[in-house]
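Novice: One-letter residues, chain by chain:
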Amino acid sequence: MPGEKVTIALAGNPNSGKTSMFNAITGARQHVGNYPGVTVEKKWGQVSLGGHDLEIVDLPGTYSLTAYSMEELVARDYIIKQKPDVVIDVVDAANLERNLYLAVQFMELGVPLVIALNMMDVAESRGLNIDPEKLSRLMGVPVVCTVARKGKGVKQLLGEAVETALSQKQWRPLELSYGPDVDQALLELTGKFNGNSLAWSPLGARWVSLKLLENDAEVQKQVSQDPGLAGHMEPLRQKLSDHLRRTMDDDPEGVIADYRYGFIGGIYRQAVQETRAQRLELSDKIDKVLTNRLVGPLILLAVLYGIYQFVFWASEMPVGWLEELFGWLGGVAEAGIPDGFVKSLVISGIIDGVGGVLGFVPLIMFMFFTIAILEDTGYLARVAYLLDRVLRNFGLHGNSVMAMIVSGGISGGCAVPGVMAARTLRDPKARLATILTVPMMNCGAKLPVYALLIGAFFAAREAQMLFALTLISWGMALIAARVLRWTVLKGETSPFVMELPPYRLPTLRGLLIHTWERTWQYIKKAGTVILGISILMWALMSFPTLPEDRAAAWDAKAGAAATEELRQEIEYKRGQDQLAYSVAGRMGRTLHYITAPLGFDWRTNVALVGGFAAKEVVVSTLGTAYSLGELDPEDTVGLSERLAKEPGWNPLKAFALMLFVMIYAPCFVTVAVIRNETGGWKWPLFSVAYTTVAAYVLAILVYQGGKLLGLG
Amino acid sequence: MENFETLRMMQVGQRAVIKKITVGGEMGRRIRDMGMVPGTVFTVMGRAPLKDPVEIKLKGYNLTLRNNEADNILVQAEEA
Chain X
1 MPGEKVTIAL
11 AGNPNSGKTS
21 MFNAITGARQ
31 HVGNYPGVTV
41 EKKWGQVSLG
51 GHDLEIVDLP
61 GTYSLTAYSM
71 EELVARDYII
81 KQKPDVVIDV
91 VDAANLERNL
101 YLAVQFMELG
111 VPLVIALNMM
121 DVAESRGLNI
131 DPEKLSRLMG
141 VPVVCTVARK
151 GKGVKQLLGE
161 AVETALSQKQ
171 WRPLELSYGP
181 DVDQALLELT
191 GKFNGNSLAW
201 SPLGARWVSL
211 KLLENDAEVQ
221 KQVSQDPGLA
231 GHMEPLRQKL
241 SDHLRRTMDD
251 DPEGVIADYR
261 YGFIGGIYRQ
271 AVQETRAQRL
281 ELSDKIDKVL
291 TNRLVGPLIL
301 LAVLYGIYQF
311 VFWASEMPVG
321 WLEELFGWLG
331 GVAEAGIPDG
341 FVKSLVISGI
351 IDGVGGVLGF
361 VPLIMFMFFT
371 IAILEDTGYL
381 ARVAYLLDRV
391 LRNFGLHGNS
401 VMAMIVSGGI
411 SGGCAVPGVM
421 AARTLRDPKA
431 RLATILTVPM
441 MNCGAKLPVY
451 ALLIGAFFAA
461 REAQMLFALT
471 LISWGMALIA
481 ARVLRWTVLK
491 GETSPFVMEL
501 PPYRLPTLRG
511 LLIHTWERTW
521 QYIKKAGTVI
531 LGISILMWAL
541 MSFPTLPEDR
551 AAAWDAKAGA
561 AATEELRQEI
571 EYKRGQDQLA
581 YSVAGRMGRT
591 LHYITAPLGF
601 DWRTNVALVG
611 GFAAKEVVVS
621 TLGTAYSLGE
631 LDPEDTVGLS
641 ERLAKEPGWN
651 PLKAFALMLF
661 VMIYAPCFVT
671 VAVIRNETGG
681 WKWPLFSVAY
691 TTVAAYVLAI
701 LVYQGGKLLG
711 LG
Chain Y
1 MENFETLRMM
11 QVGQRAVIKK
21 ITVGGEMGRR
31 IRDMGMVPGT
41 VFTVMGRAPL
51 KDPVEIKLKG
61 YNLTLRNNEA
71 DNILVQAEEA
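Listed in order, the protein sequences are those of chains X and Y. FYI, the numbering used here numbers position 498 of the first sequence as 498, with every residue one higher than the one before it. FYI, the numbering used here numbers position 26 of the second sequence as 26, with every residue one higher than the one before it.
The set of hints was computed from the structure by calculation and includes no laboratory data. Treat the hints with caution; some may be incorrect.
As the list claims (entries may be wrong) - Not everything, but these chain Y residues come out facing chain X in the computed CB check (under 7 Å): (1) GLU26; (2) MET27; (3) ARG29; (4) ALA48; (5) LEU50; (6) ASP52; (7) PRO53; (8) ASN62; (9) LEU63; (10) THR64; (11) ARG66; (12) GLU69.
Unchecked claim - Simulated pairs of lysine-lysine, DSSO-like, Cα-Cα distance not exceeding 27 Å: (13) LYS51(Y) - LYS285(X); (14) LYS57(Y) - LYS285(X); (15) LYS42(X) - LYS83(X); (16) LYS288(X) - LYS51(Y); (17) LYS682(X) - LYS524(X).
Yeah, the Cβ is synthetic: ideal placement off N, Cα and C, and Gly gets one too.
Using the sequences plus the hints, can you model the full thing?
Specialist: What follows is the structure, given as structure tokens:
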């Protein structure tokens, strides 16, 4: 029947070339989103073939279809609940045995399946002689040879998938034998299902029984909710399971996996000829250097430093252009809109807000570009391999280091791309711990604050101070991660059993698609939140406006000023008065009761409230609060001198303030990104709260302790 | 029952065959998902700078795992 719509799910192991296949099939016509309720990325796209509209859904890359990881659960749920017309399993031909493990699990489910025998070129170069027809016959599934990176075989694959979808409307579960004991147990369990219709067809009773024996938490939950089954299934399962354990000295899930691999091994030996002995591949030779115990870490440091340099160097120009563009827009608004509320909203709320969103785009783009290179070449897995031992002590993962460095592990980074870089972590708890701690690193926006305070109070030891702050930020982030993993993120680290894929040259097309879709997601999703908070922050610092009589008094003074200089000074004082009168100013005064033990006065407090917009705003707000006008964060000499002379300020207070700025609430752009990455408001709010408390405690210890020691 | 060594004890460059996986649950599942089942032959390719994790080659691909996990894999080294 021509014109029928066909839904194709694309599945496969990580590193099997599944992503290349998806790109080869859909080109640029792809959509990115999340699976409902989870942060697992969902990609889909449409193409048409022979009059059929094909909907291609890219499932997360998985090694198996158990219920252990989010990715596996999502992939399995999609197939069971959405019932795609056919599944294409992309299989790495050079790594066939392990890749077929997933294929066998699809066959156990019974969903119509086509195998894409991908990277045939690599397999051939390794001396593997694969007979696709034999493989297809033995598996009972169509097999198509492909080289997705070069687009080879993609048409045939889609054709085969459509044909399978149209001809095989029923699910046909493969009834594999798992040995006499398990088979017997399956028979007994399956018998219990008779007469109890399963709410979740097209799943067969044997599959459900198999999963019960495998101790699959998700299926157990489903069964226990089924009133017809609950009660008598669990005791039987337990009995069989105990029996299997006794008779085989192994748990059922182990035995079942062994038989699956036995089945695969049999097919592999018939369909594949290894024409020469296993030898050191090029990739292994490269690894002799890159993961060498002495040279490896040095190269790693050089690579991380290089990435950092590249990202910030490459984005400098476009960031400058964007700044100029928004400066110009601000100028246009300044000239074109009459003074007053609307003008202030447009300039300080909207233009600054949109500028704030887009200002990060070049950074995010280049960061994702380099991550894509690391991922696609296979080096990222080596980073985790080299650093795992160290970072594990803190409950983090080898790949956390990437996020930490981008966030400002080398001073001057940015937590926004840093938080997004944590996507490379698969262990959800290690990932959250990374996301929640990287904002403590010294990002570029904290540097003007340090420059101001170091210039004022530690001018003689500038470099040492900055270095100390760098070490402290690493220490604090690692300690915080450790504490989080002991408390709110308690639990076993997931096992670190990771494939080290062979080194490959990435394709430019793949890199660009990766970079673009991630960047676009940031603009689309974080953008609206950031704009909203930007307007809110503007309102906090602008309202309420001075009462009329006070405003009129300032107008009169300014009007009476003899010189331009005097007038300017009066305008600055007026700015200070307005700030003090605003909501933020009042917050600053109220907070004074809390921050007095830290030595912070209301001006510092207002600056810290403003710093939530972006940490460098601490400097410009201090400028206004000390009636020096709005300061350029790059040029703080005037304010430095002023603070050095100001009573109540001393090196100890300055140091406490620097620590506070380092650790307290991430800026709201980061908060918006954390919300995106964690899929809700719970973690971003937690992040704001715990860092602020930590900053407060640390600053109070330093300030009061220092005073006791007579430093203040 | 014979006394096998665990994967942790293997030296770099050694070849061995997996005899038994002694852990269940998530860890056991992950280990098996990656193709480490009894009968599989592997070569120890290297160790990270702090001797942990370990890298092995099996079924034509490279895999890394921590010593903690390697403790649950009983192996028999091939005679050199």
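Novice: Could you run down the list of hints and mark each one as holding or not?
Specialist: Results for each hint:
Because the beta carbon of GLU26(Y) sits about 5 Å from the nearest beta carbon in chain X, less than 7 Å, this interface hint is met. Interface restraint check: MET27(Y) against chain X, minimum CB-CB distance 5 Å, threshold 7 Å, status holds. Hint on ARG29(Y) holds. Least Cβ distance to chain X is approximately 6 Å, under the 7 Å limit. Interface hint at ALA48(Y): satisfied, since its Cβ lies 6 Å from the closest Cβ of chain X, which is below the 7 Å cut-off.
Interface hint at LEU50(Y): satisfied, since its Cβ lies 4 Å from the closest Cβ of chain X, which is below the 7 Å cut-off. Of the supplied interface hints, the one on ASP52(Y) holds, with its beta-carbon coming within about 5 Å of a beta-carbon of chain X, less than 7 Å. Among the interface hints, the one on PRO53(Y) holds; its C-beta lies about 6 Å from the nearest C-beta in chain X, closer than the 7 Å criterion. The restraint placing ASN62(Y) at the interface with chain X holds, with a minimum CB-CB distance near 4 Å, inside the 7 Å limit.
Restraint check, LEU63(Y) versus chain X: the minimum CB separation of about 6 Å is within 7 Å; hint holds. The interface hint given for THR64(Y) holds, since its Cβ lies 5 Å from the closest Cβ of chain X, which is under the 7 Å cut-off. For ARG66(Y), the interface hint holds, the least distance from its beta-carbon to any beta-carbon of chain X being 5 Å, beneath 7 Å. This hint holds: GLU69(Y) has a C-beta 6 Å from the nearest C-beta of chain X, less than the 7 Å allowed.
Of the pairs offered as hints, the one joining LYS51(Y) and LYS285(X) holds, with about 19 Å between alpha carbons and a cut-off of 27 Å not exceeded. Taking the CA atoms of LYS57(Y) and LYS285(X), the gap is near 13 Å; set against the 27 Å cutoff, the hint holds. Note on LYS42(X) and LYS83(X): the hinted pairing holds, with a Cα-Cα distance of about 16 Å set against a maximum of 27 Å. Under the criterion of a C-alpha separation no larger than 27 Å, the hint pairing LYS288(X) with LYS51(Y) is consistent with the structure, at around 15 Å.
Distance hint between LYS682(X) and LYS524(X) is fulfilled; the C-alpha atoms sit about 21 Å from each other, no more than 27 Å.
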